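K.L.:
Listed below, chain by chain, are the residues.
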Amino acid sequence: MKNYNQLMIDLSKKGRKAYALPDNDVDVKPLDDYLPKELQRTTKPYLPEVYEVDVIRHYTNLSNKNYGVDTGFYPLGSCTMKYNPKINEDMASLDGFTKLHPYQNENTVQGSLALLYDLGQKLSEITGMDGFSLQPAAGAQGELTGLMIIKKYHEDRNDIKRRKIIVPDSSHGTNPASVTAVGYDIIEIKSDKNGGVDMEALQAVLNEETAGLMLTNPSTLGLFEKNIVEISRLVHEAGGLVYYDGANMNAIMGITRPGDMGFDIVHLNLHKTFTTPHGGGGPGAGPVGVRADLVDYLPYPTVEKKEDTYYWDHNRPKSIGRIMGFYGQFGVLVRAYTYILTMGAEGLKRVSEAAVLNANYLQSQLKEHFKLPIDTICKHEFVLSGTGGISKYRTLDMAKRMLDYGIHPPTIYFPLIIDEAMMIEPTETETLETLDRFIDIMLKIKKEGEENPELLRNAPITTVVRRLDEVKAARKPIVKWSRE
Amino acid sequence: MNRYIPLTQEDQKYMLEKIGVKGIDDLFSDIPESIKLNRKLNINDSYSELEVQKLMKRLSNQNNNLDDYTSFLGAGSYDHYIPSVVRHIASRSEFYTSYTPYQPEVSQGTLQYIFEFQSMMAELTGMDVINASMYDGATATAEAAIMAIRVNNRSKVAVSSTIHPETWKVLETYCHFREIKLIKIPEIDGKTDLEDLKLIDSDTAAVIIQSPNFYGVVEDVAPIEKVTHENKSLLIMNVDPISLGIAKSPGEYRADIVVGEGQSLGIPQNFGGPYLGFIGTTEKLMRKMPGRICGLTNDVDGKQGFVLTLQAREQHIRREKATSNICSNQSLCALMAVVYLSVMGREGIVDVAKQCISKANYTMEKLLETNKFKKVYPGPIFKEFVLETALDADKIEKALYEEKIIGPLNISRLKKDKKNQLLFAVTEKRTREEIDKMVDIIKEVH
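Protein sequences appear in the order of chains B and Z.
Mapped onto numbering that gives the first Met the number 0, the consecutive letters of the first sequence carry residue numbers 0 to 483.
Mapped onto numbering that gives the first Met the number 0, the consecutive letters of the second sequence carry residue numbers 0 to 445.
Read the hints as simulated data drawn from the structure, not as lab findings.
Keep in mind that a hint or two might mislead.
[Unchecked claim] Below, a list of computed lysine to aspartate or glutamate pairs in the EDC-like style, where the Cα atoms sit at most 16 Å apart:
no., chain 1, residue 1, chain 2, residue 2
1, Z, K428, B, D31
2, B, K225, Z, E32
3, Z, K56, B, D94
4, B, K475, Z, E282
5, Z, K353, B, D31
6, Z, K155, Z, D200
7, Z, K320, B, E187
8, Z, K302, B, D468
9, Z, K353, B, D26
10, B, K348, Z, D24
11, Z, K56, B, E37
12, Z, K17, B, E432
[Stated by the list, open to error] Sample of chain Z residues lacking proximity to chain B, with all beta carbon distances greater than 10 Å (derived):
no., residue
13, D195
14, V375
15, T388
None of the values given here were measured: they were computed from a predicted structure.
Using N, Cα and C, we set each Cβ at its ideal position, and we do this for glycine too.
When you get a sec, could you build the whole thing from the sequences and use the hints?
P.N.:
Following this line, the structure appears as structure tokens:
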């Protein structure tokens with residue numbers, strides 16, 4: 000069915016319907032009696048008229064054009080595309096969780112509040128922090144929340160000349176974008192030759208305008224920042240706070256903790272480390288944890304416990320404020336909680352061990368054949384230069400060719416500091432056989448590239464569509480169906 | 000062994016040999032000893048699947064859910080009908096276990112449903128373009144305010160007092176840190192006070208109006224649009240998509256930006272999330288909009304296909320110069336909404352809206368007939384309304400609750416100055432029997 004090529008609106012035929020509402024059993028007046036004519040719309044929206052089978056077949060056919068973790072290997076660096084356990088989905092679908100109104104009386108939602116409270120406690124222990132807000136909707140909103148906390152902290156101390164946030168040049172694009180979103184300025188510092196923070200460059204920019212530093216550890220190169228204790232100390236000494244981007248937490252659970260490294264604020268990506276599905280781009284969740292003296296700054300409301308009763312605490316005068324309409328992505332939090340119950344302390348540690356072992360195995364086998372800019376033990380991921388200076392084809396071509404072999408390619412062209420970067424994160428949920436198959440495919444593609452680069456440049460050839468014209472899409476954007 | 004980790008002892012031994020290290024610990028030798036945990040995390044031990052199910056069910060059973068209770072509670076989260084089809088499609092793991100569609104050749108499913116979501120939402124709102132979705136209605140509103148500042152470089156944003164109080168709070172948070180000034184346009188009779196539109200001036204980047212507003216009242220946006228555009232400010236409308244089955248659309252009002260909460264479109268109430276924010280605008284401002292946008296194009300063989308487009312606005316390309324720091328969208332929720340809209344279609348969306356407006360009006364009249372309530376705002380209303388009562392709101396809540404009804408919102412909970420005002424929500428799901436029962440119970444409250 001891969002040639003299925005219809006839009007939902009193409010299936011429409013006047014008179015068909017896919018819904019069944021009950022009869023309107025109250026006394027009904029003409030619409031004009033309820034809503035003055037001038038407040039009514041003049042034409043009906045141009046939506047499809049189809050029957051139920053059309054809807055099911057259409058979207059089932061579309062699903063067949065998608066590749067997910069359930070389809071196969073997905074070594075997308077920095078995204079932690081691990082298996083999403085099915086029990087998580089079942090638990091998040093329980094009526095007792097899905098059919099709840101956020102404003103229900105606290106007495107009627109004690110189960111949900113207990114879950115949130117306990118999840119906050121567990122995340123605090125896993126990261127070595129003292130308090131958590133589960134409100135942030137995504138990693139990027141977690142960053143935003145963390146930066147708001149940094150800004151409010153300095154504002155409260157009337158230290159308002161601190162307006163600069165330091166990030167390494169290997170950082171994710173959301174870091175600088177979040178800095179702008181709180182009205183701060185960004186200072187990007189170069190990485191040293193081992194991909195770590197260049198200590199001299201850091202010291203050179205630290206001063207009384209430093210509001211904070213944002214860091215991922217392990218870094219986006221998949222390398223542990225050995226100087227982290229010293230880095231935290233220097234930033235603190237200069238009066239700034241240290242922010243932990245939890246994108247790479249999958250490498251260190253139960254082994255070391257951001258709190259112990261000296262971080263003041265962390266966010267976690269539950270859709271990465273804690274197996275909640277990526278959902279084709281969301282919803283995820285980006286809870287934020289802080290050290291003890293910053294707990295008062297967390298977004299309100301927070302869940303608190305008094306004797307055996309849980310409640311929402313809205314009365315938090317130092318809080319940065321509210322960042323979501325309600326309490327965040329509750330359904331996602333239920334999944335993450337289920338996962339933590341399933342894994343337990345030792346299970347989570349084993350996750351990180353296996354993730355790091357898998358990455359190092361792949362790295363050790365691939366570095367003989369590909370250029371590995373920094374050759375050292377990696378954590379949960381590593382970055383190769385896909386082409387390693389060969390100019391007949393590009394890393395993009397290799398990635399596209401990989402699609403023909405039925406696997407999802409690694410992240411490419413990120414981080415920006417590695418030429419023709421290919422960032423590989425196998426995760427712990429893949430077998431040795433899958434890793435070996437990936438190695439074979441990488442070698443095969445390299446050989447194909449040397450012998451017949453055209454093959455790579457023309458790839459993919461087996462997918463439902465081939466390379467798409469992005470320039471055309473951007474020049475004259477068509478962003479909705481036409482009415483014809 | 001853990002069921003999600005396939006590593007056997009034999010595998011581990013082989014892999015460590017290949018890597019050239021003795022043990023797993025060697026792979027963590029780059030972590031300074033001083034910061035190693037060297038103890039077990041103080042959380043639970045692992046539970047079997049059956050134990051997890053038991054624990055989770057016990058927690059969920061401590062909640063009283065809306066399958067067992069009839070709800071008249073709204074205020075931004077609504078108990079609408081969700082067709083079975085929605086859950087079945089959203090449960091397809093080809094959709095939910097995929098990543099953001101950065102490799103379009105293997106993501107045509109996601110990209111096409113986003114395109115269809117954009118199309119249907121554009122139809123409903125009357126706008127030129129809607130993006131792939133935002134976190135929720137409140138954050139979408141804040142992003143719209145920031146977008147407006149970026150468009151016309153002015154310093155403040157005017158917001159009607161009739162907006163949802165929590166949306167206002169989120170606006171306050173975002174704007175405080177972004178150093179954007181917010182001003183409130185006062186209200187009168189539950190509507191934006193047209194006399195106070197003089198607050199809009201040449202320094203106002205945008206005017207934000209919610210309709211139906213927090214009190215359920217459908218605002219007449221025409222005079223607001225006039226003043227807003229006379230001052231070359233942008234008009235931002237926050238709308239309930241269900242109301243657009245019958246209500247005049249933001250496009251018809253010539254709004255510049257539309258935002259809203261899409262939970263009503265087939266998404267469970269989920270104790271507040273995940274929900275579905277949406278944002279849309281005119282063709283002219285499309286390149287200033289935050290978030291992902293999907294566009295139609297073709298492949299090298301000329302075959303139709305979809306890609307994420309206009310990415311030069313986004314953080315992964317533009318970093319600190321991006322239109323927003325947003326990276327994700329609420330893709331799976333957008334899928335639920337697009338399936339919902341496909342099911343309802345052009346007739347269904349109108350039917351739902353008509354049932355809401357007639358059932359809400361019926362309920363309001365019945366409550367007024369009890370003589371225990373006073374209408375405070377003249378309306379017109381859509382699916383919610385406010386009544387004032389001399390009765391003790393807690394008593395009403397309790398009496399209804401005993402009969403398995405979740406009653407209206409006591410507005411003072413969100414707006415301290417509003418005493419004795421209750422906000423009732425009535426969707427198409429409420430039956431005459433349920434409504435009459437609710438009214439009868441309140442009749443007996445003294």
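K.L.:
So, for every hint listed, does it hold in this structure?
P.N.:
Hint check results:
{"no.": "1", "hint": "Z:K428 <-> B:D31", "in the structure": "22 Å, violated"}
{"no.": "2", "hint": "B:K225 <-> Z:E32", "in the structure": "10 Å, holds"}
{"no.": "3", "hint": "Z:K56 <-> B:D94", "in the structure": "10 Å, holds"}
{"no.": "4", "hint": "B:K475 <-> Z:E282", "in the structure": "11 Å, holds"}
{"no.": "5", "hint": "Z:K353 <-> B:D31", "in the structure": "11 Å, holds"}
{"no.": "6", "hint": "Z:K155 <-> Z:D200", "in the structure": "10 Å, holds"}
{"no.": "7", "hint": "Z:K320 <-> B:E187", "in the structure": "14 Å, holds"}
{"no.": "8", "hint": "Z:K302 <-> B:D468", "in the structure": "10 Å, holds"}
{"no.": "9", "hint": "Z:K353 <-> B:D26", "in the structure": "12 Å, holds"}
{"no.": "10", "hint": "B:K348 <-> Z:D24", "in the structure": "12 Å, holds"}
{"no.": "11", "hint": "Z:K56 <-> B:E37", "in the structure": "50 Å, violated"}
{"no.": "12", "hint": "Z:K17 <-> B:E432", "in the structure": "14 Å, holds"}
{"no.": "13", "hint": "D195", "in the structure": "21 Å, holds"}
{"no.": "14", "hint": "V375", "in the structure": "18 Å, holds"}
{"no.": "15", "hint": "T388", "in the structure": "18 Å, holds"}
In terms of the numbered hints stated before, the structure departs from hints 1, 11, listed from lowest to highest.
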